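Novice: Chain residues, written in single-letter form:
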Amino acid sequence: MLEIRNVNVVYDPNTIFRKEALTNVSLQISSGESIAIIGKIGSGKSTLIQLFNGLVKPDEGEVLLDGVDINTKNVSRKEIIRKVGIVFQYPEEQFFAETVFEEVAFGPRNLDFSQKEIKECVYDALRVMGFDPPSIIHRTPFSLSGGEKRRVAIASVIAMRPEILILDEPTAGMDYAGKTSVISHIREGRTGGLTTAFVTHDMEEAFYLANRIIALDSGFIVFDGSPEEFFSNRNLISQIGLEAPFVLRFREKLLDCLGEIPFSKNLETLVDLIGAMIGH
Amino acid sequence: MKRGGFFGQYQYTGSILHRIDPRIKILSIFYLIIFLFFIKSIIGYLLVFAFALSLIAVSKVRLLSAFRSLRPILFLLLFTVFFQLLFTPGRILFRFYFLKVTEEGVNLAIYISLRLMLLSFFTFLLTATTSNIEIADGFQKLMAPLRVFRFPADNVALMISISIQFVPILFDEADRIMKAQISRGAEFNRGGIIKRARSFLPIVLPLLLNAFNRADQLAIAMESRGFVVGGKRTSYKLMRIGKRDVCFIISITIASILILFGERFL
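Each protein sequence line maps, in turn, to chains A and L.
Position 197 (the first sequence) corresponds to 185 in the working numbering; numbering is contiguous.
Heads up: take any position in the second sequence, counting from 1, add 4, and you land on the working numbering.
This is chain L alone, in the form it adopts within the complex (with noise of 0.2 Å):
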């Protein structure tokens, strides 16, 4: 039997991505959703999507769970693609009463699904090669240099990493009062839209309560612990930019860089 689990999900296989600082990593998946948009063409796209795959397969995740972290936005992929297809002015390939498809829309439909295709496959990338722990501890020094701005950066990145690592907590919480309403004899899936919101309401309003109680008493546990709000903080886990980091960078810019020059020649 499968858990729900919740969405990226980390995937341990102690491969060379998982191993590389999560601050490189993080900024290195930033650089390449901005690079994304300087894609211009079909054959930019499907190399980028090489680049993908080739590091889904460094990272030994299974290849089927990128194709499953698409699910999420599944809708978003088919809403744009629909919109894109059908209200882009330009050349007309077929019409079907009011409703026209053109030469313009079908290219840009593709272009921006490939392209959220490819951003959710490398946000998965992040999320199946770094912990959420990894993930906050690499934001919270990303952000340590605002501090000069008078940027609340180790509050902010606290928050941050207790809201990620409360996401599985609630989702847990989510699962258990579920399972009791639809015990209770709670069905989500029947009715109109605006039943099946109401039906939610058993599962949303609990899950509420207890997140506020949660927070109430985690704020208390940790100022009797002696946390300060803008106090001083030290880390138990030290991160160190290493040779492999700096290989990963030399060769995330190199294959950005090979693949504009292919987009271009080929």
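Extracted from the complex, chain A is given alone in its bound form (with noise of 0.2 Å):
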């Protein structure tokens, strides 16, 4: 579906920032998936993901949506745009519109969608992210709080029938709550067969909601493959500075006394097994 070949990004060459953002990077993503994209500030994932809608171009390399290279010239923006929707980094800071209808509708009446499509999209899309659109869409999208704004802004992109969804650190800088309603409505979003691509420092998020995880350091891809094989590299986490969510560690703690542990994701279920394990 989407693929990424040999690409090369460099920032400012031939001057003293120059910055080699991406190196050799390949990469494909098929439908149904939820990918995980870690690594340390400035190991290029806004770069990657920015790369996947044309915002950022390849020095070397091609970017391909359904085979065809998107940094083409005769392929349309628009369709690239409608294809991949990405959401950006704090994405409530780029609210303009008085309403949260507008606000939302934004994409698809850009897009040429029919009036009566523009309301379809936006009803939906408010109602995958958890609001009941007859009671928002009237509101100033300013006055919600900081959760319902995340939300609201994911589903403006939402709104534009995306086939692959991106997501630049979705839940940066929120409450608790606000974070958990916005990773549970992303999950039931995936659900309804969106493919999902988020770049994330919380590893939890990653292992709970990612079904594939991309690690890059350096603009290198150093990983491409499950949360559990990920997970269960040491030196791979310590390499690129990270650390393994919490029933992992808990895990690897017990396996140093006890010697053999089940496996689940799942803290709750984990305990139970070890409690049966060991005879309580």
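One or more hints might be untrue.
Examples of chain L residues toward chain A, derived with CB under 8 Å [what the hints assert, rightly or not]:
(1) G189
(2) A190
(3) R194
Hints listed in this document are in silico derivations from the structure and should not be mistaken for laboratory results.
All figures in this text were calculated on a predicted structure; none of them were measured in a lab.
No residue lacks a Cβ here, since even glycine has one placed at the ideal position from N, Cα and C.
Since each chain sits alone in its own frame, please combine them into the complex, following the hints.
Specialist: Right under this line is the structure:
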């Protein structure tokens, strides 16, 4: 569906600010996947996601969407934007409309959807993000709570009916309640068949929300595989300056004293399994 | 891939011009800009042009970037040339319906466009060889004597310095908002003037709101670290005028005198 082939991105070449943001990056995103893109600040995560809809052009290599290079002249920009929706960091900072409806309708309207379609898309997107549309569409987006604002901002991209939804740190700077609500609604969106890729620094989020992890370090892809495989590689985790989720660290500590421990992503299930193992 | 930059952009090359005291550079550029208005002939402008090019060569910054710095004033340049050419009275060179091009108009158009170009070159030289912080510090020191007249020099300097430091941040923010709105299908170069102006609303409005929020946060952060309006302040970096700076002043003065002589006798 979306493929990146041998991409290199260099910022400000021939200047003292030259930075190799991505080096020889290749990956494929297939329908229905949920991918967590992780790595330190400056590792190339944001550049990578901006490649997906052509906001950043590669210096070398290709970005193929359904087999077509999106950086060639005869490709429709609108079509790419419609297919690959990107939610940037702190998306609520991009609000400008007077009502939630207008804010969410901005994308579909730009993509020349009909009035009927716009209304449908706005209502559907707001429902996916856990709102009751009639009770919120007339409110000003600026009066909402932090979590609500973030969900409206994500809805404003979902309303364009993208095939792939890319989120850059969707829960950054949020309180626990807001975070849980955003995660649960992204998960619901996923069960509806939406392909998602999200940048995150929260390893719990990556572990529970993703079925594939792509780890970046200094512009290179250093890992591309399942969360279980990634988090069992202690050396790699410490090499890129991260920490395994609590449930895995807890299991590892027990592993040291008990020898063999069953595996579960869920803390309660893990405790039950260990309890059964030691005879409680 | 090239990242969008702030106009003038500082280019560090380690040249002698980079190491000159920012106060001297600011005053010299002001002097050269005023000096431009005393030039009355094409020869004089060409001499100043050659002088500007030699300064660029000394600064070791890329010549092409100096010409690129003309891009923002290109419209103003063309607009001025157009009006001077067509609306200056004098000896008619040729006529096209009701439009008349006069000899005086051609001369004035050349003079003014050369003056604007040189003005842009000199300010480019300042911004390419002096970092934003150095410029702000330079202004602060230059305004210090005005305190005698109860002019709030420190506060004005602080405002200038904060504004200058905010410019790249706001540029980054504008870029981020623009990318976000483009990702929602926004287009900024479609339709007539009114439609285009309206299409910038989704960028300008969030940018202003965020700027106000940032300013508010900055004010709170400064106050919480003991900032008091009108308080006495010292500098971390002390500026001292050395031999190099004196040599620079002398060379600028000699060059300008030579240009005036050259204009008269060539």
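Novice: If a hint holds in the structure, say so; if it doesn't, say that too.
Specialist: Checked hints:
1. A distance limit of 8 Å between C-beta atoms decides the matter here; for L:G189 the minimum to chain A is near 3 Å, and the interface restraint holds.
2. With a least beta-carbon distance of about 6 Å to chain A, the hint placing L:A190 at the interface is held under the 8 Å criterion.
3. The closest approach between the C-beta of L:R194 and any C-beta of chain A is roughly 10 Å, which is over the 8 Å cut-off, so the hint fails.
Checked against the numbered hints above, the structure breaks only hint 3 and satisfies the rest.
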